[in-house]
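Engineer: Let the sequences and hints guide you as you build the complete structure.
Protein chains: 2
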Amino acid sequence: MAQSNQPDRHEHYLQTAAALVEKSLREQKGYRWLGELCELGPRLSGSQNSYRAILWAKAKMEALGLDRVILQPVMVPNWVRGKVEEARVIESTRVKGRKLAVAALGGSIATPKEGITAEVVEVKDFAELAALGEKGRGKIVLFNRPFAQHLTNTFAGYGKTVDQRVHGAVEAALAGGVAALVRSVTTRYDNVPHTGSLNYREGVAQIPAAAIGQIDADFLSAALKQDPRLKVRLKLSCQTLPDIQSYNVIGDLLGSQFPDEYIVVAGHYDSWDKGCGAHDDGAGCLQALEVPDLFKRLELRPKRTIRCVFYINEENGIRGALKYAQEADSLGLKHLAAIESDRGAFTPRGFSVEGDSAVIETLRGWLPYLEKADIDWVRPGGSGVDVSQIKNAKALIGYVPDSQRYFDFHHSDKDVYEAVNPREMQMGAAAMAILVYLLSEEGI
Amino acid sequence: MAQSNQPDRHEHYLQTAAALVEKSLREQKGYRWLGELCELGPRLSGSQNSYRAILWAKAKMEALGLDRVILQPVMVPNWVRGKVEEARVIESTRVKGRKLAVAALGGSIATPKEGITAEVVEVKDFAELAALGEKGRGKIVLFNRPFAQHLTNTFAGYGKTVDQRVHGAVEAALAGGVAALVRSVTTRYDNVPHTGSLNYREGVAQIPAAAIGQIDADFLSAALKQDPRLKVRLKLSCQTLPDIQSYNVIGDLLGSQFPDEYIVVAGHYDSWDKGCGAHDDGAGCLQALEVPDLFKRLELRPKRTIRCVFYINEENGIRGALKYAQEADSLGLKHLAAIESDRGAFTPRGFSVEGDSAVIETLRGWLPYLEKADIDWVRPGGSGVDVSQIKNAKALIGYVPDSQRYFDFHHSDKDVYEAVNPREMQMGAAAMAILVYLLSEEGI
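Protein sequence lines, in the order shown, are assigned to chains C and L. Per numbering that gives the first Met the number 0, the first sequence starts with residue 0, numbered consecutively. Per numbering that gives the first Met the number 0, the second sequence starts with residue 0, numbered consecutively.
Just so you know, these hints were derived from the structure itself, not from any lab. Fair warning: there could be bad hints in the mix.
Only pairs whose alpha carbons sit at most 16 angstroms apart, straight line, appear in this in silico EDC-like list of lysine to aspartate or glutamate [said to hold, decoys possible]: (1) L:Lys112 / L:Glu85; (2) L:Lys333 / L:Asp375; (3) L:Lys159 / C:Glu21; (4) L:Lys59 / L:Glu38; (5) C:Lys390 / C:Glu260; (6) L:Lys393 / L:Asp355; (7) C:Lys159 / L:Glu21; (8) L:Lys393 / L:Glu353; (9) L:Lys82 / L:Glu113; (10) C:Lys413 / L:Glu417; (11) C:Lys159 / C:Asp124; (12) L:Lys413 / C:Glu260.
Structural biologist: Written out as structure tokens, the structure is:
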């Protein structure tokens with residue numbers, strides 16, 4: 000259907016959408032929850048902080064009066080950064096002793112205790128590295144391709160840049176390199192290292208890899224031009240411990256008519272161990288949590304069950320999402336739709352939908368209501384890493400806020416509470432609440 | 000017309016739009032100019048800084064190779080803040096000596112040198128003040144109504160809140176008050192005072208008025224509940240000097256076919272004397288300036304003349320806009336369209352157009368090109384304070400970026416270079432450049 004063809008339903012939806020937006024913006028409740036959550040620090044899978052945060056979430060869902068709160072056990076990887084993390088120019092006629100801002104990439108092995116000391120070879124991409132032939136052997140490879148700033152959508156730019164972070168260690172090892180330094184994949188020029196996961200490949204030697212701040216990457220590049228034989232010493236003490244028990248946190252607001260039909264609204268609860276995972280993805284989780292809470296505050300009892308899921312381990316394993324989807328499948332749970340917020344707490348733009356064209360047309364018909372929260376479009380496209388694991392939903396939906404600033408903060412010490420704008424976060428919560436309400440009333 | 004019905008024109012426009020976006024984002028030239036401009040400090044009409052900035056703009060336009068650069072003389076008001084600006088709780092059993100964060104409102108008269116010392120009466124609106132009857136007499140009136148946060152568009156929220164800043168001094172005087180303190184009209188909770196103009200009214204006593212930070216407004220409100228007789232002493236040394244000569248800065252890129260048809264692309268160059276007027280409206284001016292410069296960098300010679308105007312004195316007089324419009328009218332200049340950027344350097348959303356429905360349909364037909372810069376809509380609506388003075392244009396257009404964060408910074412010490420995101424600013428420049436290019440090629 001397009002907008003509801005029952006005039007009183009149409010009016011009710013317009014008013015409900017406006018009420019959801021107003022309440023979300025006026026009370027800024029999710030934003031205040033985010034302040035509490037960020038006090039606990041970052042939430043890397045398996046970390047002590049992540050357990051404190053899981054208990055906080057469970058207690059919060061219970062305090063809000065959700066009808067059912069579940070901790071779903073998940074075994075997660077347990078990579079730890081360790082205390083030693085440094086890089087220095089140690090042999091150079093010009094800049095000896097200069098410290099470089101680095102952060103181990105998630106999953107990296109450690110260096111030996113005394114570090115790895117080697118000459119540096121700089122490349123912009125894997126083709127350039129391959130063309131070097133034997134010149135990479137024994138070197139620290141500096142992958143120094145800047146972020147693809149020219150694209151309107153920063154996720155597209157990220158996609159064009161992040162290969163050096165994900166696959167740099169393998170490519171460097173294949174070239175005989177001893178370690179990799181990767182220019183931080185970020186949109187704003189500064190010297191903060193941005194971490195993120197790397198992949199090793201079976202049969203290829205594992206070498207340590209770290210992100211380097213952009214200013215220091217440029218410094219090192221310039222220094223190499225003056226002094227191509229300079230050496231860098233890299234020390235990392237990170238390690239991968241055995242898998243460890245963790246949890247997805249699930250809270251249900253039961254539907255009045257179809258309690259066995261679920262609408263999942265979700266974020267991922269783990270973060271990298273830099274900053275406090277405010278945008279990525281604490282805010283997404285708390286926007287999701289505000290959906291059932293907004294319904295309660297407005298005394299809206301949805302027809303279908305609203306299931307709020309805080310997935311664990313999106314960043315380095317998606318074990319939480321796999322576990323949830325598996326169990327849901329084996330229990331034969333009926334998911335009408337699942338929505339994920341994992342693109343930062345920025346101003347709303349649209350919803351990106353995996354579903355057939357009839358589903359997309361139905362959602363487009365709701366734009367007159369979604370526009371109350373500045374949603375301008377509904378388009379076919381990817382949803383979210385976590386919800387896309389669910390097998391039987393009619394619609395998998397990604398909440399799409401504006402992308403311009405996301406990678407300024409992403410996976411770094413800059414992803415803190417202060418980086419989140421309260422109104423932008425609350426607009427997102429309202430946008431999701433409107434869509435979830437319509438789904439719960441109208442079905443698809 | 001809708002999108003161009005000549006296939007090769009359509010393809011050319013798509014490619015040109017994409018090229019404008021890419022160049023703007025990749026080179027971030029306007030953003031770097033903004034850094035230079037902000038080094039000069041704020042640019043209140045008539046201030047020394049404003050002259051330095053005017054000379055900087057003229058030199059910049061000449062260095063960029065615009066075909067004609069003009070300083071258009073304008074007499075502007077000359078209000079100066081002065082050195083003394085403070086408020087303290089001085090008689091109270093509980094919080095004596097507590098300093099309050101205040102900033103004189105633009106246009107305010109000074110207090111006597113020894114300050115104004117009086118009891119405080121708090122109201123939320125003018126009706127509440129009127130209902131107080133004689134209780135306002137001899138008091139400092141604290142207008143303490145919070146920003147209307149519940150509305151999606153913050154300009155609408157501003158409109159519902161700013162009456163206390165604009166008319167508070169008059170209403171307080173009518174109630175017998177001796178001074179006015181006005182809760183800062185801003186969206187983000189902190190203690191920074193946000194200034195802005197006030198209006199006095201002929202026949203009503205002029206009393207001094209200042210903005211107060213939100214935290215201190217709440218503090219004072221709570222203190223008044225404990226101790227209703229507490230007194231505040233307000234000292235302001237601001238004054239209005241005689242009008243002074245200033246200038247609009249105008250730069251033309253001449254059209255190849257219709258050099259006498261102008262497309263104005265504009266911002267206002269003056270700012271308040273807090274922060275450095277980065278969002279309001281240094282960025283708007285430099286987005287406008289980047290339009291002809293992007294054309295030059297891409298070797299696009301427009302058919303019509305692109306006229307970049309930095310209007311002086313939007314904040315407290317709009318004398319620059321009145322002068323420009325008057326002279327244009329008396330010279331019979333032909334303005335095809337005029338576009339203003341004065342809503343901050345945030346991510347693009349749309350264009351708001353004063354023009355007949357055929358004009359709006361024409362512009363809507365260009366959405367396939369404008370979408371390259373994330374422009375989602377063209378709607379009828381207000382353009383900009385400055386360009387709306389122009390009498391004979393077929394379309395007066397406001398560039399509309401996202402509004403969520405604008406009033407966080409507006410008219411305060413927070414409106415600095417660091418508050419501007421380079422990508423967001425550059426997306427806006429690209430959006431305007433695409434629209435101006437289409438106007439210059441197609442006409443309307």
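Engineer: For each hint, tell me whether it holds in the structure or not.
Structural biologist: Hint check results:
1. L:Lys112 / L:Glu85: Satisfied, since the Cα-Cα distance of roughly 12 angstroms is no more than 16 angstroms.
2. L:Lys333 / L:Asp375: violated (29 angstroms)
3. L:Lys159 / C:Glu21: holds (15 angstroms)
4. L:Lys59 / L:Glu38: Cα-Cα ~15 angstroms, so holds.
5. C:Lys390 / C:Glu260: holds (14 angstroms)
6. L:Lys393 / L:Asp355: Holds, because 8 angstroms separates the two Cα atoms, which is no more than 16 angstroms.
7. C:Lys159 / L:Glu21: holds (14 angstroms)
8. L:Lys393 / L:Glu353: Between Lys393 (chain L) and Glu353 (chain L) the Cα gap is close to 8 angstroms, so the pair holds against 16 angstroms.
9. L:Lys82 / L:Glu113: holds (14 angstroms)
10. C:Lys413 / L:Glu417: Within the cut-off at roughly 14 angstroms; holds.
11. C:Lys159 / C:Asp124: holds (11 angstroms)
12. L:Lys413 / C:Glu260: Roughly 48 angstroms between the alpha carbons, so the hint for Lys413 (chain L) and Glu260 (chain C) is violated.
In this structure, the hints that do not hold are numbers 2, 12, in rising order.
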